[in-house]
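Keeping the supplied structure of chain A fixed, place chain B upon it in accordance with the hints.
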Amino acid sequence: MSDIGIKLIYWDRVFEAGFWILVTLFFYYLALRIQRALGGTPLANPVLLAAAPIIGLLIAADIWVGDYMGGGQALLWLLGPATVGIAVPLYRNFARVRSALLPMAAALVTGSTVAVVSAVLIGDAMGASVETIRSLAPKSVTTPIAMGIAEEIGGYPSLAAAFVILTGIVGAVFGAAFFQLLRIRDERAKGFAMGIAAHGIGTARAFQENEVQGTFSGIAMALNGIVTALVLPLLWLAFS
Amino acid sequence: MRLAGQLFLAFLVLVACDTAGRLISWWLGLPVPGTVIGILFLLGGLVAIRRVPEAVGRVADFLLAHLNFLYIPAGVGVMSYAALFAEDLWPILVALFASTFLAMLAAGYAFMAVARLTGNRERGE
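Protein sequences appear in the order of chains A and B.
For the first sequence, the residue numbers in my numbering are 1 to 240.
For the second sequence, the residue numbers in my numbering are 241 to 365.
Hints are computed from structural coordinates only; laboratory data are not their basis.
Using N, Cα and C, we set each Cβ at its ideal position, and we do this for glycine too.
Where hints are given, some of them may not hold.
What the hints assert, rightly or not - Residues from chain A that keep clear of chain B, each with C-beta distances beyond 10 Å, as calculated: (1) ARG33; (2) ARG36; (3) ASP62; (4) PRO81; (5) LEU237.
Unchecked claim - What follows is a list of derived Cβ distance ranges for each label pair: (6) ALA260/B with GLY154/A: 25 to 35 Å; (7) ALA74/A with LEU243/B: 20 to 30 Å; (8) GLU152/A with LEU280/B: 17 to 27 Å; (9) ALA244/B with GLU16/A: 25 to 35 Å; (10) ALA60/A with LEU324/B: 35 to 45 Å; (11) ILE289/B with ALA37/A: 37 to 47 Å; (12) PHE248/B with ASP67/A: 38 to 48 Å; (13) ARG185/A with ARG290/B: 26 to 36 Å; (14) ILE289/B with LEU101/A: 23 to 33 Å; (15) ARG185/A with ILE264/B: 32 to 42 Å.
What the hints assert, rightly or not - Not the full set, but computed from the structure, chain B residues with beta-carbon under 10 Å of chain A: (16) VAL253; (17) LEU254; (18) TRP267; (19) LEU282; (20) ASP301; (21) LEU304; (22) SER339; (23) ALA346; (24) ALA347; (25) ARG356; (26) THR358.
Only chain B is shown next, with the shape it has when bound in the complex:
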């Protein structure tokens, strides 16, 4: 029971960081999404206490391991727009595949090139 309470409290901490971030982003009209500000709040808290409380770690790890679950409704939502892209089907398909590949190529190679230049290699290279 005590563990369940701690886990629930940890979840509330995540909700509070997210909500605070969203409110601040909205109030100040920042171009930064609220959830990103929420990440910074939680990170600031962890840096301040210099450790990850066990319950917070478990809740965060659990949610991150199941992020896919939370994206399913977004996937279902795509069906509403199927008619909209029927007319440009081929350009859309080619652009989505090729551009995703090219973006990964550009980001991945830039990362590795600069890591090599700055002597910051890691395993696998």
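Chain A on its own, in the form it takes in the complex:
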């Protein structure tokens, strides 16, 4: 990685954004090396392993997170085209997906309901503030949708975004252990459950496992986002 070290200095003078992208790439590379050294375990989650030292670096050097986000936004933009790429494994596994429409529908309805209701009930039972609970409700859907929902039901969009990311990391890190504990061995069910509970970060992990898991996770993430966006605000009106 010494060549990247040289480029770091070079790009630093040219653009800040390029610099931060390279810093992110460097820590991502390190995180992957660590994960591989540990036998590919989901416990060594690359998002967590790379984001933590970057946060430490920003705090230690007293750099505003907004400066970092100059580069960060470019990567977040790239998430769009990368996610569109899910069409490729979806096409390759089309027969398998089409034959699982009923199991997917059942898992979508129960999973998306439990993801929202359990978060709200637990938050309420443990005495969290109303704003926290409202920001927790959409934690299992992708960030832009969750922020919109939180806004609509009276939570904080930015807090909701943080909960979404933490939920994704929890799902990606512990998903495999949960599936083992629950004796869920069907790769399709694992992937679908991952996508429902832990959206894109879970899907990133699922693609590290295998293509079937990744594909079903991607489908679940897309469907859960749509269903939760349509249903949650209505449910909220009905019950509050």
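This is chain B only, laid out in the frame that chain A set:
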């Protein structure tokens, strides 16, 4: 060089699908995120030509294998809100862990139960 050009072109196809999806979602005010519409555009294209062009397959597989990289800035962004959840730390931690577990349990068991009922089992069961 030719391969590099094809890969770049394939990447532009993904960008075009995503951008078109986002624009349509925004214009029509759809509750569906633009990127999901983008997935449908690319899928429609693949179904129409009945194959995955090699360059498109390679670019998509590469990006999906490294999705984690693209989520790192979102992870870094969490630091801005640390103060906001300090007061409700325990409810938040318990809700995030327990609710993620319960959602996986519900979705996973519902999937397997209906797969069993409809005779749609797969390996590992």
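Which numbered hints are broken by the structure, listed smallest first?
-> 4, 10, 12, 18
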